[in-house]
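A.B. asks: Based on these hints, arrange chain B on the given structure of chain A.
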Amino acid sequence: MTASPLTGWLLLVLFGIALVVISSLVARRFGTQDVDELVVAGRSLPFGLISASVFVAWVWTTTLLGAAEAGFWFGISGGLNYAWGAAIPFFIFIPLALRMRRVMPRTTTFVEYIRERFGDTFAKVYMVFGILLVAYVCVEQSVGMAYTMQYSFGLNYKLMAVLLSLMFASFIAIAGLRGSVYNSVFQFMVIVAVVFVAMPLILSKLGLANIYEGMKQVATDPNDVNHNPDALDIFAPGGFRYGIVGFAVAVGQIILSQGYYSAALAAVNTRTLKWAYIIGTIFAWMPIPIIFGNVIGGGALAIHLDINAAEVVRTGITPYMFSKYLGVSGLVMLAILVLMAGLTTGGNGLAGLQAIFSVDLYKKYLRRDATERQQTFFGRWAVLVVGLLIGVGAVALEGKSLLNIDIFSGILFAAPCAPLVIGLYSKRLNTALSAISVPIGLVGGLIAYFAIDNPDWNFFIANVISLVGPAVVILIGLPFIKGEFDFTRLKEYTSEHRVKLHDETDAAPAAGGAGGE
Amino acid sequence: MTVLSQGLFNFWMVFPFVWGGIGVLIILVACIREIVLTLRANGRRGG
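Here the protein sequences line up with chains A and B, keeping their order. Using the working numbering, you'd call the opening residue of the first sequence number 34 and step up by one each time. Using the working numbering, you'd call the opening residue of the second sequence number 57 and step up by one each time.
The shape of chain B in the complex, shown without the other chains:
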């Protein structure tokens, strides 16, 4: 029977939030930038 130490356990409980947070932030920034660019292009087309 292997039992994870409290320190490693705490790390493994918290780390996925940091890991996921980084991935989500990259996508979020890219999406907002791309949508703004599309809307601007749309605005130019309309004008």
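Next comes chain A alone, as it looks inside the complex:
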């Protein structure tokens, strides 16, 4: 079952126009010639806009489709484990962002912090990590959106991959982070409207009692096609392990993503930052994967869905359930959801990349004497070029499994987190110890992945080693380090572009409290 291609094009044109119009209005109202205005919205955004932006940036296409599959594979614990695994990393990020604002109030990117804290070579390495992470995240979103447009409306995958990538690149190029945030409010409303209409409808059609009885049979009947004794165990060990892997993967995806730092630095004050992230993630975001895991994953178990059936293999569990219970309108609703999720996550990633391109790459390495106007010009065009490259990357991945990319990206992006986090708190951590810790975590993770034969455990152990290994190396090495880093250097750091702080606590002079340990 597919909806008409005309409906797909209509959706694209309507949302495309809405997003570009919002961005253009924002750019006209606020201007985007200053670097700080373009990449951190002048550091003046209020609570609601930041929390809506954080919510939509963390709703990935996989939040909807992946959580539903987790519900199918792990039963009632699947959605919950997906949710906590992806939400808890924000409780590392929130104190990290607060600390960064306090010890280095005039920073714009995490690469600037790394450069001041660990030196230029380290900054270049982290810049590459930051760029690769955004590329990976954005390509995944483009692949998810293009597939959805293909199976929902029969539209050409390649064309969709390029068009949609250019779409989210264009609204970032037009109005930078502020444009992305205002677009987020619109996308937030659309996502919420669809989730809170479609999901209760599917739930009511399935019936609570029917889902329970169906899942009970899955748990108790060894002959059931999806037999899983833990289907109704909310504390199932397999599901918990899945949550830990999700946590290890998500830590890197958040801590190395400039988009989240940009949103955190854009908050008008630290109180706004803290509450916007808490409400956006714990209160608003966390229930979404739980709902998808429970209703779609649990519902698919309850109807004893055969995962190998041709129709399910073609589309996946979520589209199958949406079209089975809501018909063509269900497919349209799901397409809207996936489009909004993909566009916002891609937009957030590119807004972060625009900051790295304008502040770090162009000004520091390509053109030292660049004016702010030249920096913003470069940031805009670089984002458009990257948008095109992301589309090409998504085209190249047509028909290929993303599983291996996911596995290696988890190992790759978890390893550099420990020096970044510990370096904000510890005076003793130096560049040499940091430089040793990252390769140890990375190589240890890869060795674990290839050496362990059990496919249920190798991914899990590899990710944990990659995340925890560098932290352990640093904590063991710290007592043997003689010198201390002077945190006042970060406090007194002045950016090469104009920075206006609105928060009195951020602007306080460097005295006492800024130091670590």
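Partner residues aside, some chain A positions facing chain B, computed with beta carbon under 10 Å: (1) Ser84; (2) Lys249; (3) Ala264; (4) Asp266; (5) Ile315; (6) Trp318; (7) Met319; (8) Ile324; (9) Val328.
Where chain B lies over chain A, by a calculated footprint (3+ residues, C-beta under 8 Å): (10) 69–83; (11) 225–234; (12) 238–247; (13) 251–263.
Hints were generated in silico from the structure; no laboratory data involved. Ideal Cβ positions, reconstructed from N, Cα and C, are used throughout, including at glycine.
C.D. replies: The following block gives chain B in isolation, referenced to the frame of chain A:
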């Protein structure tokens, strides 16, 4: 094998909607208020 009771199961299926509804409502009210304030400030600037 642990099997959730029907009552707890029903609660766990419905509760995330209430939980998410509260979070979404807080953000929605804040966003509308902030956008209205921005538009008013814009109007004053224009006049």
